[in-house]
Amino acid sequence: MGGVLFSCWNGKVVDNREKKPEEFEPPVDISLPADFFQGKDVKAFMGWGGFVVKDAGVSVVDLCVAFLEKVQEESCGQCIPCRIGTKVMLEIMRDIADGKGKKGDLETLKSLGETIRKSSKCTIGQTSPAPVIDAITHFKEDFEKALEGKKKPEGEGEKPRFVSKVTAPCMNACPSHLNVPRYVELIKDGRFLDSLEVIRENTCLPGVLGRVCVRPCESNCRRANVDESISIKYLKRFAADFELEKHHDPKLPLPTEKKGKKVGIIGAGPSGVTCAYYLAEKGYQVTIFERFGEPGGMSAMGIPDYRLPRPILRREVEIIQSMGVEIRYNTMVGRDITMKQLRDEFDAIFIAVGAQGSSSMRVKGEDAGYKGFIPGVKYLLDINQGRDPYPEGKKVVVVGGGNVAIDCVRCSFRIGKEDVNLVYRRTKKEMPADDVEIKDAEEEQVNFHFLCNPTRIIAENGKVVGVELIRMELGEPDESGRRRPIPIEGSEFVIDTDIIVPAIGQTIDLSFIDADTQLEVTRKNTIIVNPETMMTSVEGIFSAGDCVTGPGALVEAAGGGRTAAFRIHQYLSGEEVKRTDEELMEDFFSAIGVYDPKEDIGIIDGRERKHLKMLPPETRKYTFDEVEAGFPINEAIEEADRCLRCYRIGLVAI
Amino acid sequence: MTVHITINGKEIEAEKGKTILEVARENDIYIPTLCYHSHLHPIGSCRLCVVDIEGYPMPMAACTTPVAEGIKVHTNTGRVLKMRRQAMELILVNHPLDCPVCDKGGECRLQDLAYEFGIDEQPFHAKKPERDHVPFSTPLIRQWYDRCVLCLRCVHVCHELVGNAAIDIKETGYRTVVYPVAPERCYSCGECLSVCPVGALTEAVNPLRGRLWQIERKPTTCGQCGVGCQLEVSVFENQPVNIKTDDVAGEGPNYGSLCARGRFFYDYVGSEERLAGPKVKKADEWVDATWDEAYESAIDHLREVMETSGPESIGFIASSRLLNEDLVALYEFAKNGLGVPNVDTSHRLDLAAGDGADEKVQVVASHKDLDSLLAADVIVVAGGDLDMTAQVVANRIRVAQRLRDTKIIVINPYRSRLDEISDAILTCNMGTEIPVFNGLLKEAFGENDAVKGTTGWEELSKQLIDYSAEAVCDAAQVDREMFDKAATLLKEAGSVVFVRGNTLGQAPAGSRKIKAYANLALACHAAGKTIGWFPVTAYANGVGSRLIGNAYGDGLTYGEMIQAARDGKIKALVVVEEDPMAALPDTAYVKEALEALDFLMVVDLFETRASGLADLLIPSCSFMEKTGSFVNMEGKRREVKVVMAPMGQARTVGHIFADIAAKMKVEVDLAPETVAGRVSEILAKAGGTNGGVGFSQVTYEAPRMEENGHLFLVPVDLHYNHHYGTDDIFATAIDKLGKEPKFLMNPKDAARLGVEEGSEVAIKTERGEVSVSPVLTEAVKEGHLVYKGHYRWSGLQSLFAFDMDEETKTPVTGFLRVKLQKP
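Chains as they are written, first to last, in my numbering: chain A, 1 to 654; chain B, 1 to 823.
Treat the hints as calculated values from the structure; they're not laboratory data. Note that the coordinates shown come from a computational prediction; the quantities given were computed from them, not determined experimentally. Hints should not be assumed to be uniformly reliable.
[As the list claims (entries may be wrong)] If you only want the chain B side, here are some residues facing chain A, beta carbon under 8 Å, derived:
1. C46
2. I53
3. P59
4. M60
5. T65
6. P66
7. A68
8. L90
9. K127
10. L150
11. E160
12. R402
13. L403
14. D405
15. S422
[Unchecked claim] Pairs of lysine to any residue residues, derived as SDA-like cross-links and limited to a Cα-Cα distance of at most 20 Å, are as follows:
16. B:K170 x A:D194
17. B:K18 x A:D605
18. B:K18 x A:I633
19. B:K485 x A:I633
20. B:K18 x B:Y30
From the three backbone atoms N, C-alpha and C, an ideal C-beta is built for every residue, glycine too.
Next comes chain A alone, as it looks inside the complex (with noise of 0.2 Å):
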């Protein structure tokens, strides 16, 4: 620990080498993490808006030569300055830290990182020489001696091991960090199915994450400093689709060597298959437990087909299943398969069962079984299983603002019913939801009352036939920023409606553990786990997605079926559980952040981002069609043209 000796970011200086360590000023615009691992302190680190020193062991002219070494290891190779001119600037940077440098050497690579910088085709050029020309102005002095013969450190203690990564905001945001950046440019050069090659690298779900994923990369894409983001969630829809619409196998990764270890899966959700899929590929015997009839758990039972068409869906785990991973549907552990059993069975459990029950809403009449009261997920289940939960309903009032109360109420229309409702206690602006969808739900003529809240469901001989609802307004902001809504007290009213279905939240069943297994678990029913091993208490048994984080999206839950898998192969190898260097590096990256949505790009905008043909409102809400259709191959082509390529390389001395 301790405070900074030196920072330079974005060009902001911070020198506090001639200072006691009392009188250290903080560093500007980057804040290091306390620790790189357990205790492991960052020793410098080098990256795309500077470098910060906080050993005074470590020598700059050393550090940039690790810092260019990756840079030449990372450059793509495809334009000139960064291919070749790094390649100059590593040389030249090794001559003067093993002494052998030649006056002018520091002129020369400034002049030719000025040139990377500002000619270069993406980023890892444009932001790598960066750092090594700040070094060389603020320690121009070390540079110097270096240049005599006389570098430091001269027996300072030991080496410090340089770990390094490249990342870019897009994936570093991605919860599964798929390589976005490469993917995109391979659809702009046509190469469609090498760019779901490089998809399938993170996630056996591209078609799913294609359709339905809350995209945290397009919130974190610099194009959007220039004019708006790249619709990457679409292009790897399109990705996904051409390999589907022009018939080609799957080209997926032949799995290793069999490792005669056997994983049991509980559940086939996002985040089960994923973390089946990359057991499989690395020989593990895996099978599944899944207590419906269908894959996909959440994302085949709480998204409706508008949105994920069923097909869609099934190939992907079809693909998983034809890399060896068993299946059994039907099968519910503790009712058809007790823990006990599993345990003998396998030699690492994972369990995967999200979230599915529905929170309750605390009002008068929820717990009295009255036909029309339907949870949400329960309604959706219901819907994707090709029932209407309450044919004689006509009206349904949704409770919610989430994604969930949007797919109700779009569903309902789509089972004919005919006047649809949704009560949310906050405003639009608040909504959880996602704004294409509610969008889409508007346009749909879905009525919103917002700034209400329910406190009665009213009912006569057993049915709902109406809900009172209290009038809300909202005061100051809560734990999550929003601002809390607050009942005003005499303003109820009642709404008649056939259907009441609430879709506040959703609740975590873990009643088919038995008491033998002594999982631990949080207040709120969510399994606790290592954060470094992803092992719950008990050994051998890990867990990720819903039931681990409390519902959440389905990149989170597939990304952490995808780590887990990682961790399970560890465990299942002898080898010490835990995070890797790049995962370490990813941690890293998220503390100090990638993405700086306040950078200006310096390049000229004005190229809109392409959007989907949609059905139209008036057609659509009738459907379950799939609500769009995905890019024509010469409009994925022109968007993927958008990416400005964001890599970037970041490297720690520890």
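Position chain B relative to chain A; hints supplied.
Frame of chain A, contents of chain B only:
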């Protein structure tokens, strides 16, 4: 939509969507480039085209930056000049100074740029990466790692245009290298070579080389297949030394693209095997003769046969690679001069199978040239692997799909490269194309009132009763989803272009298959779609020879003349640049026929199989040695120009027959102007006169598999074998690429018949047997044996019976029922 910009202060109105570079070039403002190529999506690797835009801190690459309203571009600010100069200095790090021995010396983009920038020293240094030399993806091209500037044009053209994806970059940073990642996919088309701006890829075909200032480069039309590509021949010391397209890249139909044959097979023209002079056979020995002696021999023999048996016992068989002018002279001489009724050309072997049907569709087709591929919503390809028979057309289809998301339907009895980007792949059983066409017609247009109102519908609809989607998919073993998809695409398209492959007509009932395919096109037209119809032909002047042949009227066809010769009815044959022994089925039959002749005269560039049986051999000119025209598959007249003087004593066919006519005192005017006039007259009349559009009636008999152990042999031309065993077999490229034929079969058939991969089996017909060693692959349908290669080197021809299409008399070379037997 236009935007207003300034470049270096000049006010310009520019089209929105164009890049700064495109607009600058249109306005004659120079911006240096190295990687940019007008036929490729901008690559942006060289960074030489960086420009400054007022108000923006970053310089931008002109090739990838689109224009925007109000921008003020400066192409020559101090900092961009410095960046360009440094980029050049970086490129030159370790670039060898071997310009004097580099093929590109004198026409190298890097050389020009280094000169332009005045770079006379290399301020930067880096250690040169060491690497072992790996052969490039084709033996026809040599790769020079040190000369490569990694502009990546080659990689992009291979993926984007050719769809081969045979090369890619490997490794990173300074070690990055262009590498043959999938050489087995390489078609040796040489598009990579063609776009290389430096000497990193050089041609490894012809040892002859000439410097830019030593050679003459002249434009002409390719003399190989019927696409009619525009190219330039570089000639050094009266020998062709390479083929380029740089200066004709703006011209269709090929826009700078060529296939392996067009680009690399040119050196047969300068081959040492070319006939030096005329020869007459005396006592079974060839004896050199003067032209006068040769002409006399021809005249004497022809006169003798005319006098004893009449002109109807004489036949003329000419190649469809001859110029229109050659052919008119020949027809005038034979038909109008001698009164010989029997004149035919080798278009009989492929194009003629579509006689009648082709014209019927082309009359109503509004898409007249191959550019229309870029206007189509749907392109249908049936009857051959287009990448092997007309790769340039396949390239245009790939461009179309990238620009317009064009949907593609492929109907073939085997898988092809185009399948990889196709929306509906109808891989039918051999011989079941008719049900597929009929089924699609019924499914897509069976209920369309306009289609039902078309002449011939009543009769056709009776036949269509049997062609439900279900029945068709069952009979043809076509995937039902693919079939439905194809029908939907046809129904929904506004514009459909049909490519009629030449192998469709070479199987039994070939003409009926084409009629059924044409019915589908006519139905599209009747349903209100704009259509195009492009028959592929292996012959540079296939279409021209069909038009000329039609203009001169009927007589015995190519195959019928051979039959008649065997039956003793034809006594003298004049064979011009065509080799019946190499082109026709049943070699033994053809040999007997030729042996039975009283007189066989062969006019050719080379000795041929048939010329071994001839009495007189006369040397003629290649397409590079004459002036005139071809009519290509678009029906367009394409200029052929002299690029070099004739080799040896060779004379053009027109010249030869004019000489003979004069000496023989035959009353025809074969003066070049008269012949040219007659050609124009004939071509002017072509097309547009055919009245009454209506459906043709097509009967169908399912091909029968007579006994267990029989397979359908499906010949698929290898691209470089897509010829009839004449002329370009003397190209050195053929030797480098290898002539070994390949046989492919389904593993299930192999298991059923007890065939193991690599083991020898005999394929047998009633006519004979040939020993082969099949490769097993799922890509071949069950019941089929796919043959890739040319008959010339497989002996397969001897297995065929001498069959012809019942209507158009196209010899059957594209289908054979064979029995497989272990030795």
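Results of checking the hints against the structure:
no. : hint            : result
1   : C46             : 6 Å, holds
2   : I53             : 6 Å, holds
3   : P59             : 6 Å, holds
4   : M60             : 6 Å, holds
5   : T65             : 7 Å, holds
6   : P66             : 6 Å, holds
7   : A68             : 5 Å, holds
8   : L90             : 4 Å, holds
9   : K127            : 7 Å, holds
10  : L150            : 6 Å, holds
11  : E160            : 5 Å, holds
12  : R402            : 6 Å, holds
13  : L403            : 6 Å, holds
14  : D405            : 4 Å, holds
15  : S422            : 7 Å, holds
16  : B:K170 x A:D194 : 14 Å, holds
17  : B:K18 x A:D605  : 14 Å, holds
18  : B:K18 x A:I633  : 19 Å, holds
19  : B:K485 x A:I633 : 18 Å, holds
20  : B:K18 x B:Y30   : 16 Å, holds
Hint check: no violations occur; every hint is consistent with the structure.
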